[in-house]
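**Student:** Keeping the supplied structure of chain A fixed, place chains B and C upon it in accordance with the hints.
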Amino acid sequence: MGERGLGLGVLEGRFPNNILFTTVDSVINWSRRSALWPETFGIACCAIEMLASGCARYDLDRFGIVFRASPRQSDVMVIAGTVTKKFAPVVKLLYDQMTEPRWVIAMGTCAISGGVYNTYAVVQGSELIVPVDVYVPGCPPRPEALMHGFLLLQEKIKKAKVLRRPDEETAGSA
Amino acid sequence: MSEPDFRARIEERFAGRVREAYSSHGMLTLVVDKEIIGELCRFLKEDGDNRFDYLSDLCGVDYHPDTPRFEVVYHLYSIPHRHRLRLKCRLGEDESIPSVTAVWGTAGWHEREAYDMYGIVFDGHPDLRRIYMWEGFEGYPLRKDFPVRGYKDDYNPFGEEEAERPASQARASAAGQHSKPPRFHQSIATARVEPEGGARATKEMFLNLGPQHPSTHGVLQLVLDLEGEIIERVDPIIGYLHRGTEKLAEGFTYTQVFPLTDRLDYLCQPSNNQAYALAVEKLLGIEAPERAQYIRVMMTELSRISGHLLISGALPMDLGALTALLYTMREREMILDLLEMITGARMHTSYCRVGGVREDLPEGFVERAEEFCRIFPRRIVDYERLVAENRMFLKRTRGIGVISAENAIDLGLGGPNLRGSGVDWDMRRDNPYEIYDRLDFDVIVRDGGDCYDRWECRMEEMKVSVKIIEQCLRQMPDGPVKVDMPEIAFPLDKQLVKSSMEALIHHFKVAAHGFKVPKGEAYSSIEAPKGELGFYIISDGSEKPFRVKVRAPSFINLQALHLIAKNGYIADIIAFLGSLDPVMAEVDK
Amino acid sequence: MELALAVALITAKVVIVTAILLILPIPLTWLERKIAGHIQQRLGPMRVGWHGVLQPVADGLKLLTKEDNIPVEADRRLFKLAPIISLVPPFVVFVAIPFGDSFSLLGAEITLYISDMNVGLLFIFAVAGLEVYGVIFGGWASNSKYALLGSLRCCAQLISYEIPMGFSVIGVVMLAQSMSLLDIVNAQADVWYVVYQPLGFFVFFVAGLAEAQRIPFDLAEAEGELGAGFHTEYSGMRFSFFMISEYVVMVTISVLCVILFFGGWNGFLIPLPPLIWFILKVGFFIYLFMWFRFTFPRYRYDQLMAIGWKVLLPLSLANILLTGLFIV
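Residue numbers (the working numbering), protein chains in the order written: chain A, 6 to 179; chain B, 10 to 598; chain C, 1248 to 1575.
There's no promise every hint is true.
[To be verified] List time: in silico DSS-like cross-link candidates among lysine-lysine, alpha-carbon distance up to 27 Å:
hint : chain 1 : residue 1 : chain 2 : residue 2
1    : B       : 161       : B       : 553
2    : A       : 163       : C       : 1281
3    : C       : 1557      : B       : 575
It is worth saying that the hints were derived from the structure and are not from the lab.
For reference, chain A alone in the conformation it holds in the complex (with noise of 0.2 Å):
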């Protein structure tokens, strides 16, 4: 997670890593990776893959995912679809309205590297712009290989410490 706030302030990264400490960051982990609410924001292709995602087929609110209109309540940005350099600071914006804690998913070749469009127009990979959790790959990725980034950001939740100091190894298995 590097330096970024996990969004409890003072609270944060300051307890021993004990019995109690894992427990309740377990519980805190649990709570972020079963609500995960991505932003309402499609870009390209891949967004009607992602929408494709949401319905009746594949339906991501299984996971308890649900699409958030408002950056302010959204856990996770999926970028689908391709950033031009016109739309790149709006992206950076979208990502800075986020609160924390806050994740980021590339999805489809445009996002991760800007694919087959290598042009004047084009961002060469989000990387450049948001710091990226999970990339999706595909031209567009489907439904079950978006699902699968989102099982993937969930792992990386399950391993994050919130309360607990970062730099301690883990005391037992949490």
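**Tutor:** For chains B and C alone, kept in the frame of chain A given last:
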């Protein structure tokens, strides 16, 4: 009225000022002086025997280092007479050309695009700003001396060195300024035009709808001037998804361009493939085998249903009825399954090839498709019960966003947007291509021109498409699915590559270098789900196109947004936008 | 001693009602997402607990541990105040709402209401009207145009719908000859008032939908137009306050519908305990609210106003007139 007739009339009226007149791949082309373009266009539009009332396309071409450097190409169409005409004007680097916005309203955005991409200045254009790139972007991307990767900056480490930039490209902005896009709200500040005389009292406020907004269907930004909830003025800002497709296509072989066309209208990929394949085939003077034509038509119709399904669910969703979208997406999955069965991909199919399609239909497809045709019409009835009979939906869409037939033609709208306004024009029937002349289908026309009529047109068109697919399945003959021309397409019999040296060489040549296309130009268009989707391709005789211009229907449809500006509510613009059905990737190219 | 017992009893009741109301959004959120899922031919939450029952718990915990963000340009005091103002009145309303008749426990008679006011109905309308201030403050303090538009819409909407709503219950008051909810329910022991007051019920229910900010009247939120409306800028716990408040208001409107028009806890044909009857009826109305939400589009702002002033208000006045004639 036949071609020689109007050709004679034009030459009689503009004697000596039409430099050249020739027919190229079935389209009369006039090369004219740029001074007379305004007058000529007005004559062509208003003269009773010509009636070129529809400006299909307007684009720039760069012949660098030839002089005069630029060319502006107009593709006109006459809805009453169903014929086409191409006008061309050459102009030098520092010259400008009269604008035709006064003749056809649709020219507004076309000319802005040509200005943005080539730096061609149109005299008399009311609002000549950049349209895709941001204000302050240096250079004109589609010029031949502009590198496809642009110049190096924070967002693109692969660009050319800034030092190598030719002086001619920095004309757009003040010297020394770097071409970084502005921050979000600043870009809006520059986009806004303040009304004169300090009329902006405290009463109005402006609101940015988008680019990230649930109802703009992608990355469209609308700058609204509001008085309370009523919109005084709307300024759409596009280009947030401009990816440089046309520039990229110039560096690709003809076959490599197919995947790029997929990503234009990403809801209806097969129709994009088809339009592009037809244009290249026109240049080559070949035609796909009959079976391939049936397959293409069938896939285009499948994709038409899939595109219409999404938008006919998205409009109610924007109005608050979320469930409609989930129902239509359910049926869309059935279509995606069919497409996946044929091509292996859910969305970006890239299935057409020049001279046919990639491979034959898989086993068991016909049964699956028939099953779909059986189930789907019943589902449409469901949607109609859920949405079309809902009083609230009617109240939100009836009489909202009315476009008159005259306006619709003037703005160059296409597809259901045009037919919803009572213009009875469908290229599948009126300028049939491939095997449409053998099919029996209705053209859906509604007279109201409001959001509901456009929506209903789409619903009815889906039923028509099902009928077309059924006919295709019934009529489809056996036979090859691509032309038997080893220098263009892979051999029909793949085993041949293993036994015949010649076949192997051809296979290698086609795969590695592509094929040469004779010098010339061709414009070919189809009735895509969103309207007239045209590809204008200029070939210089090599394996790569010299210029590919996409006549993107969404781009042109979106221009109609300002019609709502007068006395519409914020909520109306959402409905209006949803009924126009723009796909931003196609708008921005 | 008696006084101490009474105080203890009232305190206990207040605590229980508050606790129930605070917990209620959890099953309701789960229900809403499940109902939405099944209406939309999907499953809804499945992975967090058995069939996703723990989903709202996870949502709540997550919101609790999320960063509390106050925009730089916001009016900080109002911004913090708004969610609380929006949360408290819906709870206070329940002071005057009876859940059933009295029963005796260990010889003492225990009533299933906190207080039976003789102006109960007036009190409810007065207090419920305060909730709108939360929305207005929230939208105003956020210093965001979407939020501002949302709260302005909400303001106009609530003013226009309070009036027909208030008028629509006058018929009931005339019939019951009382403003106490207990009396109103008792007066319906034989015939539910919806039989005498179908028009009144219709107006009350539609206005109630508007009051609860539900589709087709959820203009303050209007996701398709305003992003998230008045709470666009709210995050974490403050946002969840608005959510809780929305659910409690929905429950309030359902409870009022049942008490005023559907006989409260009075049973019908099947003999069930009164409280069960009451819960079943309220549950039905809550389901109705959710069903509407996933079926209907929303009205446009001016259409909403037109319905309020040109349809509901005349209807509610006509209802009073008819009721008057009927009684005379």
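**Student:** Each hint should be assessed against the structure and marked as holding or not.
**Tutor:** Now for the hints, and whether the structure bears them out:
Of the pairs offered as hints, the one joining residue 161 of chain B and residue 553 of chain B holds, with about 25 Å between alpha carbons and a cut-off of 27 Å not exceeded. Distance restraint check for residue 163 of chain A and residue 1281 of chain C: the Cα-Cα separation of roughly 26 Å lies within the 27 Å cut-off, and the hinted pair is therefore satisfied. Restraint check for residue 1557 of chain C and residue 575 of chain B: the C-alpha separation of about 25 Å stays at or below 27 Å, so the hint holds.
Checked against the numbered hints given earlier, the structure satisfies every one of them.
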